[in-house]
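> Going down the list, the protein sequences come from chains A and B.
For the first sequence, counting from 1, position 274 maps to 274 in our numbering; every step adds exactly one.
For the second sequence, counting from 1, position 19 maps to 19 in our numbering; every step adds exactly one.
These aren't lab readings, by the way, just hints derived from the structure by calculation.
Yeah, the Cβ is synthetic: ideal placement off N, Cα and C, and Gly gets one too.
Treat the hints with care, as some may be off.
As the list claims (entries may be wrong) - Taking CB as the label site, the calculated pair distances span:
#1 K121/B - A321/A: 24 to 32 Å
#2 E71/B - S343/A: 36 to 44 Å
#3 N3/A - K77/B: 52 to 60 Å
#4 I317/A - S12/B: 45 to 53 Å
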Amino acid sequence: MINLAQRDIAHSLGKFVTTALGVGMLIGVVLVMIGIYRGMVHDAMIVPNNIAPDLWVVQKDTLGPFAESSRLHEDLKYSLKGFAGVKEVHPLTFQSLQMPKGDKPIRVYALGYESLSSFKPFTLTQGTAIKVRSREIIVDTKTGFILGDKITLGRNIYTVVGLTHKAVSSGGDPMVYLDLHEAQELQFLFSNEQIRNDRVRGAQSTATATVNAFALTLSPGFDSKTVAQEIHRWKHQEVYTQQEQSDILTKNLIERSAKQIGMFTMILLIVSSVIISLIIYTMTMGKIKEIAILKLIGASNFLITKMIAQQSLLMGIIAFAGGAIFANASANHFPKTVILIPSDELKLFLVVIIISILASIGGIRSALRIDPASAIGG
Amino acid sequence: MKKRIISVENLSKTYGEGENAVTAIKEATFDIYSGETVALLGPSGSGKTTLITMIGCITEPTSGKLSLDGELMYDQKWQIYDTRRIRREKIGFIFQAHNLIPFLNVLENVTIVPQMNGIKKATADQKAKELLDYLGVEDKLTKMPSQLSGGQSQRVAIARSLANNPKIILADEPTAALDGERALSVMNLLRKLAHEQEVAIVVVTHDERMLPLFDRILRVEDGIVKETI
Numbered sequence: 001m002i003n004l005a006q007r008d009i010a011h012s013l014g015k016f017v018t019t020a021l022g023v024g025m026l027i028g029v030v031l032v033m034i035g036i037y038r039g040m041v042h043d044a045m046i047v048p049n050n051i052a053p054d055l056w057v058v059q060k061d062t063l064g065p066f067a068e069s070s071r072l073h074e075d076l077k078y079s080l081k082g083f084a085g086v087k088e089v090h091p092l093t094f095q096s097l098q099m100p101k102g103d104k105p106i107r108v109y110a111l112g113y114e115s116l117s118s119f120k121p122f123t124l125t126q127g128t129a130i131k132v133r134s135r136e137i138i139v140d141t142k143t144g145f146i147l148g149d150k151i152t153l154g155r156n157i158y159t160v161v162g163l164t165h166k167a168v169s170s171g172g173d174p175m176v177y178l179d180l181h182e183a184q185e186l187q188f189l190f191s192n193e194q195i196r197n198d199r200v201r202g203a204q205s206t207a208t209a210t211v212n213a214f215a216l217t218l219s220p221g222f223d224s225k226t227v228a229q230e231i232h233r234w235k236h237q238e239v240y241t242q243q244e245q246s247d248i249l250t251k252n253l254i255e256r257s258a259k260q261i262g263m264f265t266m267i268l269l270i271v272s273s274v275i276i277s278l279i280i281y282t283m284t285m286g287k288i289k290e291i292a293i294l295k296l297i298g299a300s301n302f303l304i305t306k307m308i309a310q311q312s313l314l315m316g317i318i319a320f321a322g323g324a325i326f327a328n329a330s331a332n333h334f335p336k337t338v339i340l341i342p343s344d345e346l347k348l349f350l351v352v353i354i355i356s357i358l359a360s361i362g363g364i365r366s367a368l369r370i371d372p373a374s375a376i377g378g
Numbered sequence: 001m002k003k004r005i006i007s008v009e010n011l012s013k014t015y016g017e018g019e020n021a022v023t024a025i026k027e028a029t030f031d032i033y034s035g036e037t038v039a040l041l042g043p044s045g046s047g048k049t050t051l052i053t054m055i056g057c058i059t060e061p062t063s064g065k066l067s068l069d070g071e072l073m074y075d076q077k078w079q080i081y082d083t084r085r086i087r088r089e090k091i092g093f094i095f096q097a098h099n100l101i102p103f104l105n106v107l108e109n110v111t112i113v114p115q116m117n118g119i120k121k122a123t124a125d126q127k128a129k130e131l132l133d134y135l136g137v138e139d140k141l142t143k144m145p146s147q148l149s150g151g152q153s154q155r156v157a158i159a160r161s162l163a164n165n166p167k168i169i170l171a172d173e174p175t176a177a178l179d180g181e182r183a184l185s186v187m188n189l190l191r192k193l194a195h196e197q198e199v200a201i202v203v204v205t206h207d208e209r210m211l212p213l214f215d216r217i218l219r220v221e222d223g224i225v226k227e228t229i
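With the sequences and hints as input, model every part of the structure.
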């Protein structure tokens, strides 16, 4: 049997494909939205996964250090080391910085760590780790800096000695890594003028021995929950396991963003289905005479339904293919990480197919109501 | 011996109800036999189209009886469930404007009806080619309707109407869009088909110049069908 849908599309191929690709752009945006969500979840876990502690110790009654501000005395590390099962304690600072680069500053997320220890919360792709406390800095390639570049931060100039790749914060800002004490100065040291004024007032304001969190590694055989309870009980600080920290990040920190993206995705899907419905309806209404002739010469409702449903399906398939190509081609050009997962693409494809089938219902209903007698002149 | 193909008995069609009721056809009674060409003549609004759509099982009559090729179609109500099957299998339609499907080429426009009847594509193609050859448009097989002249389009439409080996051809002013010479050519062709292929042909026409080409003339005036000698 002649495939009427195929012949009709071939007859106005340019118009059909252009329309489908227009819808495809919408579907591409839906796919990118899903990819942005995946990227957010991925980005949020890069820093915690690179640090990979067994426990996080943060300020009491906070969800720090990523979801809430947290401040602790650095010397707490000595008493933390005294707990049974605690093998290593790594004091850490976290802060957002604006790094000058050319005309525009770059927003980065700085992690301060004890650079002279064996603890390395990053994976270098070029250069070396910080070896001496002499204003050395490790930056992500996303900042655009290269090895040897000089960067002014606060009152000091730092030299780029190492590069990481795709290390970003939960907000998508590129990471930079500093020695702990230099990072503490950047975050906690007041300006010379304020220090002078405070000295006159009799206040001491030069102490910077504050950190935002401690990353603890446990000795084998110790249960992280038990150690966490002990630290919480005796030191009155909040202690989270790595899984709890992961939950805080994904549920608390990016939940609203995820919902926002989910809403946008739903709206775009609804808009896409309305557009496909209108296109299919308009295409069907443009063929009233032809459908009346087909009915008059004996075409069954099944044949007419098949024609419209196939056109709608093909529009959905072409639109999805166009959208997927658009999304995959543009994913790396977005400022934030966009991760396109085949399973997400498959799910969206199935949704588009369902939408296409539903979208054809209006056109089919209209087509079946067409009176074959309208093909005959009065 | 001529076979009775169309049998119409007291067939009526009324649109609307009560005071607004308009009777388009009043108790029409006539028979049409195989090989006959019959003109349905009458002014606009006289009920010709209503009559032809009832015979074509498109419009449901209000009362009376209708039989096609010996099969009772209507007797106070439809006697068959699928009227489209009857149109597919027994009736060919020719329209004033050729009404070819614009997205199908000439060959596909002709083969679509037999293919809907389950005829294999190769067989349908062969038959269509023979018909198009017979009608003098065999060189237009792959052309689209938009690439044909009015006369060529009408010939393709005639080929389509014959593709399912119909017993009846219902034509609605098939020559109205053609100039005098082409109109005469098409009418002669229909007459030839009726006689050669034993098809009953009913043609709605306004054109009294064509009347000598018909075997019989049915005049429709104010819904009343009368045979004219």
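> Hints numbered earlier in the text: which of these fail when held up against the supplied structure?
Per hint list: 2 and 3 violated.
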